[in-house]
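Peer 1: Single-letter residue listing:
There are 2 protein chains.
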Amino acid sequence: MASEKQLIARTGRKFPLRSSAGLRVGIGDDAAVVRPKEGVEWALTTDAFLENVHFLLRVHPPEAVGYKALARATSDLAAMGARPLYFLLSLALPAGRTGKWYDGFLEGMARAARTFGLTLVGGDTTRSTLAGVNLTIIGEIDRGQAVLRSGARPGNLICVSGTLGEAELGLQLLQRRGPKKWKKELLRKHLYPEPRLHLGQWLAKKGRATAMIDISDGLSTDLRHLCESSGVGAKLWAAKIPKVVLPGEAQKIGLDPLRLALDGGDDYELLFTLPKRMQRHLPRAVRGVPITVIGEIIREKRILLVDDAGRTRNLPARGWEPFRE
Amino acid sequence: MASEKQLIARTGRKFPLRSSAGLRVGIGDDAAVVRPKEGVEWALTTDAFLENVHFLLRVHPPEAVGYKALARATSDLAAMGARPLYFLLSLALPAGRTGKWYDGFLEGMARAARTFGLTLVGGDTTRSTLAGVNLTIIGEIDRGQAVLRSGARPGNLICVSGTLGEAELGLQLLQRRGPKKWKKELLRKHLYPEPRLHLGQWLAKKGRATAMIDISDGLSTDLRHLCESSGVGAKLWAAKIPKVVLPGEAQKIGLDPLRLALDGGDDYELLFTLPKRMQRHLPRAVRGVPITVIGEIIREKRILLVDDAGRTRNLPARGWEPFRE
Numbered sequence: 012m013a014s015e016k017q018l019i020a021r022t023g024r025k026f027p028l029r030s031s032a033g034l035r036v037g038i039g040d041d042a043a044v045v046r047p048k049e050g051v052e053w054a055l056t057t058d059a060f061l062e063n064v065h066f067l068l069r070v071h072p073p074e075a076v077g078y079k080a081l082a083r084a085t086s087d088l089a090a091m092g093a094r095p096l097y098f099l100l101s102l103a104l105p106a107g108r109t110g111k112w113y114d115g116f117l118e119g120m121a122r123a124a125r126t127f128g129l130t131l132v133g134g135d136t137t138r139s140t141l142a143g144v145n146l147t148i149i150g151e152i153d154r155g156q157a158v159l160r161s162g163a164r165p166g167n168l169i170c171v172s173g174t175l176g177e178a179e180l181g182l183q184l185l186q187r188r189g190p191k192k193w194k195k196e197l198l199r200k201h202l203y204p205e206p207r208l209h210l211g212q213w214l215a216k217k218g219r220a221t222a223m224i225d226i227s228d229g230l231s232t233d234l235r236h237l238c239e240s241s242g243v244g245a246k247l248w249a250a251k252i253p254k255v256v257l258p259g260e261a262q263k264i265g266l267d268p269l270r271l272a273l274d275g276g277d278d279y280e281l282l283f284t285l286p287k288r289m290q291r292h293l294p295r296a297v298r299g300v301p302i303t304v305i306g307e308i309i310r311e312k313r314i315l316l317v318d319d320a321g322r323t324r325n326l327p328a329r330g331w332e333p334f335r336e
Numbered sequence: 012m013a014s015e016k017q018l019i020a021r022t023g024r025k026f027p028l029r030s031s032a033g034l035r036v037g038i039g040d041d042a043a044v045v046r047p048k049e050g051v052e053w054a055l056t057t058d059a060f061l062e063n064v065h066f067l068l069r070v071h072p073p074e075a076v077g078y079k080a081l082a083r084a085t086s087d088l089a090a091m092g093a094r095p096l097y098f099l100l101s102l103a104l105p106a107g108r109t110g111k112w113y114d115g116f117l118e119g120m121a122r123a124a125r126t127f128g129l130t131l132v133g134g135d136t137t138r139s140t141l142a143g144v145n146l147t148i149i150g151e152i153d154r155g156q157a158v159l160r161s162g163a164r165p166g167n168l169i170c171v172s173g174t175l176g177e178a179e180l181g182l183q184l185l186q187r188r189g190p191k192k193w194k195k196e197l198l199r200k201h202l203y204p205e206p207r208l209h210l211g212q213w214l215a216k217k218g219r220a221t222a223m224i225d226i227s228d229g230l231s232t233d234l235r236h237l238c239e240s241s242g243v244g245a246k247l248w249a250a251k252i253p254k255v256v257l258p259g260e261a262q263k264i265g266l267d268p269l270r271l272a273l274d275g276g277d278d279y280e281l282l283f284t285l286p287k288r289m290q291r292h293l294p295r296a297v298r299g300v301p302i303t304v305i306g307e308i309i310r311e312k313r314i315l316l317v318d319d320a321g322r323t324r325n326l327p328a329r330g331w332e333p334f335r336e
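Just so you know, the protein sequences line up as chains A and B, in that order. Following the working numbering, the numbering of the first sequence begins with 12 at its first residue and continues without gaps. Following the working numbering, the numbering of the second sequence begins with 12 at its first residue and continues without gaps.
One or more hints might be untrue.
Any copy, or any two copies together, can satisfy a pair, since identical chains are not distinguished.
Only pairs whose alpha carbons sit at most 30 Å apart, straight line, appear in this in silico DSBU-like list of lysine-lysine [said to hold, decoys possible]: (1) Lys192 with Lys217; (2) Lys48 with Lys217; (3) Lys195 with Lys312; (4) Lys48 with Lys312; (5) Lys216 with Lys48; (6) Lys251 with Lys263; (7) Lys194 with Lys217; (8) Lys194 with Lys287; (9) Lys191 with Lys217; (10) Lys25 with Lys111; (11) Lys111 with Lys16; (12) Lys25 with Lys312; (13) Lys16 with Lys312.
Think of the hints as simulated: they come from the structure by calculation, not from any bench.
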C-alpha cells in the first residue's frame with residue numbers, strides 16, 4: 012500500500028508541467044501560487060465525482076473515471092467561454108485502490124489534462140471507504156467576455172451543439188450488460204465526454220451567444236436553469252432536436268430517442284442562445300462540432316415543447332436532480 | 012427533503028457578498044468569474060473534510076464540522092502568508108442531512124467565512140451516503156512575497172506559534188466521553204481551530220520567515236515536510252516546545268503533553284524558520300498569538316530531539332498519515 016507521499020509523487024509524475032509562464036509554485040507546498048495575466052478575468056469551478064453516485068466500481072473502467080471526472084469539471088469552463096489553465100485534485104481513496112486502479116485513473120486523467128490544456132498545480136489526498144475526487148478548475152477569459160446564463164432575451168434562437176442522448180444511451184447499455192458487450196463507439200460519450208472548449212471560446216470571442224450553459228443534467232433541466240437565470244421561457248421543436256440514433260442492437264431495449272435527448276444527462280454539449288439576426292451567419296459546425304437551432308426564447312416563463320404533430324405542451328424538467336428519491 | 016435548488020439558495024443566503032470589488036459572477040452560473048488585482052499573485056488550495064475520516068456524526072456538532080472544514084483549508088493560505096479572498100464549496104450530503112444538520116453546518120461555516128474574510132463564489136452539490144465537503148480557497152499575496160516550505164537554511168531558528176497538542180487533547184477527551192462532559196475550553200482547539208492568518212501575513216510582509224508550513228499533521232510530521240522541501244535537517248529542544256497543559260480532570264487518562272505536542276495533529280499553528288539574527292527583533296507575540304523558538308535548522312538531513320536531560324535522539328514522524336493502517 013502506498014503512503015500519501017508516494018501517491019503524491021506518482022500523481023505529480025503523470026502531470027508534467029506545461030508551458031505555464033504564470034505558475035510560480037506548483038504541487039508540494041501549502042498552496043499553489045500563480046500570477047494572473049493582465050487584462051483577463053478568471054473563471055473558477057469545482058465539481059465532485061463520487062463512487063456509487065457518479066460512477067460504479069464494477070461498471071466503469073478506472074481510465075474512464077479519471078478522464079470523465081476532469082472532463083465534467085472542465086465543461087463548466089467551456090460554458091463560460093473560458094480557456095483552461097490550472098486544476099487542483101482532491102482525492103479520497105480506499106487503501107486498496109491506491110495501486111493498479113489508481114494507475115488507470117491517473118492514465119485517464121492525464122490524457123484529459125493534455126487534451127484540455129490543463130496543468131495540475133495542487134491538491135489533497137485522504138483515505139476513504141469509497142473512491143471520490145473533487146476537481147477545481149481555473150480558466151481565464153478576456154475581460155467582460157464571459158457568457159453567462161442570464162443573458163437570454165425573448166426572440167433569441169436556442170441552439171445546441173452535437174447530438175443529445177448519446178451519453179444516457181451509453182449508461183443504459185452499460186448498466187444492462189457491462190462494458191465488454193457493446194461496441195466502444197456506443198459507450199464513448201458516456202465514458203469519455205468531450206467538453207466543447209473550442210466552441211465555447213468561439214462563441215464568447217465572436218460575441219454571438221447571449222447566454223450559455225453546458226448540458227450536464229439533461230436538456231429539459233439545463234434549459235430551465237438558463238431560462239430561470241434569464242427570467243424568460245422557451246419553446247423547443249421536438250423535430251429539430253439532434254437526437255441519438257439507436258443502433259440495431261439497442262432498439263430492442265425500448266428506449267425513446269426523444270426522451271434520451273430531453274432528459275438524459277452527461278452529454279456536456281453546449282446549450283446557448285443567439286440574437287435571431289445571427290442565424291444566417293451561423294456555421295453548421297465549428298471544428299467538426301455541429302450546431303443546431305432547436306427553438307426560441309419566449310417572454311412567458313414556461314418551457315414548451317412542440318411535438319411532431321404541431322401540438323404544444325409543457326416540458327417538465329426530468330433530468331438529473333441529486334436529491335430526488 | 013430539500014431539492015438541490017433549495018439547498019443552493021439556503022447556502023447562498025448564509026454567505027452574503029462582502030465588499031469584493033473583483034467579483035464579477037458569483038454563485039449560480041457555470042463558474043464564478045473574478046478579476047485579479049494587478050501586482051498580486053494568487054494562492055490556491057483545496058482540502059477535503061469527510062465523515063468517518065475527519066469527523067464523526069455522533070461526536071462532532073454540525074457547527075464545528077462547518078467551521079473546521081473552512082478553518083483547516085484556510086490555514087494553508089496562512090502558511091503562505093496570503094490574504095483570503097474567495098472560496099468554493101463542494102458538498103456531498105445524505106438526503107436526511109439536508110435539514111437541521113445542514114443548518115448547523117452552515118451556521119458554523121458562515122461564522123468562519125466572516126472571521127477569515129472569505130466570500131463564497133461557487134460550488135457543487137451532490138447526494139452521498141456519508142457527508143463530506145471539499146473546499147477550495149483562493150487568496151492573494153503581493154508578488155514574490157509567498158513564504159514557501161523550501162527556504163529553510165542551516166543555522167535558521169525554528170519557531171512555532173501558540174501551544175501544541177491542544178487539538179489532540181480535545182479529540183482524545185471527546186472520543187472518551189462526548190462533547191457535553193468537558194469544559195468547552197478543553198475542546199475549543201479541536202472543534203474551532205484558528206488559522207493564523209494575521210501572523211502568516213505579518214511574517215510574509217516583513218520578510219522575516221525563510222520557510223513556513225502549518226501544523227496540520229503534527230509537529231514531528233510537518234517539520235519533516237518542511238525539512239525535506241528545504242533539503243535540511245532540524246534539532247528541536249523538547250523543553251522549549253510550548254506544550255499543552257493537562258487539566259486535572261484530563262491527567263488521569265495518562266496522556267503525555269510532549270507526545271501530544273510532537274505528534275498531535277489539527278493544531279493549525281504555524282511552524283516557520285528565521286535567520287538567527289532576527290531573534291532579537293522577534294516579538295513574544297503577534298496580536299496575542301505567542302511565538303516560541305523551539306530549535307534550529309541543521310545541515311545534516313535528520314530530525315533530532317534534545318530531551319530534558321540533554322540527550323539527543325532521532326525524532327520519528329508519528330503524526331497523521333492517511334494511508335497508515
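Peer 1: Now look at each hint and say whether the structure bears it out.
Peer 2: Right, here's what the structure says about each hint:
1. Taking the closest pair of Cα atoms, lysine 192 and lysine 217 never come within 30 Å of each other, the shortest separation being 44 Å inside a single copy and 64 Å across copies.
2. In this assembly of identical chains, the alpha carbons of lysine 48 and lysine 217 lie at most 30 Å apart whether taken from the same copy (21 Å) or from different copies (26 Å).
3. With identical chains, the CA atoms of lysine 195 and lysine 312 are never at most 30 Å apart, being 41 Å at best within one copy and 52 Å at best between copies.
4. For the identical chains of this complex, lysine 48 and lysine 312 are neighbours neither inside a copy (40 Å) nor across copies (39 Å), given an alpha-carbon limit of 30 Å.
5. In this homomeric assembly, lysine 216 and lysine 48 come within 30 Å of each other (Cα to Cα) both inside a single copy, at 18 Å, and across copies, at 23 Å.
6. For the homomeric pair lysine 251 and lysine 263, the shortest alpha-carbon distance inside one copy (24 Å) is at most 30 Å, but the shortest distance between copies (76 Å) is not.
7. When the C-alpha separation of lysine 194 and lysine 217 is checked against a cutoff of 30 Å, the pair qualifies neither within a copy, at 38 Å, nor between copies, at 63 Å.
8. Within a single copy, lysine 194 and lysine 287 get their C-alpha atoms no closer than 40 Å, and across copies no closer than 68 Å, so neither meets the 30 Å cut-off.
9. For a Cα distance limit of 30 Å, the shortest separation of lysine 191 from lysine 217 qualifies neither inside one copy, at 43 Å, nor across copies, at 61 Å.
10. Only within a single protomer do lysine 25 and lysine 111 lie at most 30 Å apart by alpha-carbon distance; the minimum there is 14 Å, versus 43 Å between protomers.
11. When the C-alpha separation of lysine 111 and lysine 16 is checked against a cutoff of 30 Å, the pair qualifies only within one copy, where the shortest distance is 17 Å, while the shortest distance between copies is 38 Å.
12. For the homomeric pair lysine 25 and lysine 312, the shortest alpha-carbon distance between copies (28 Å) is at most 30 Å, but the shortest distance inside one copy (48 Å) is not.
13. In this assembly of identical chains, the alpha carbons of lysine 16 and lysine 312 lie at most 30 Å apart only when taken from different copies (18 Å versus 54 Å within one copy).
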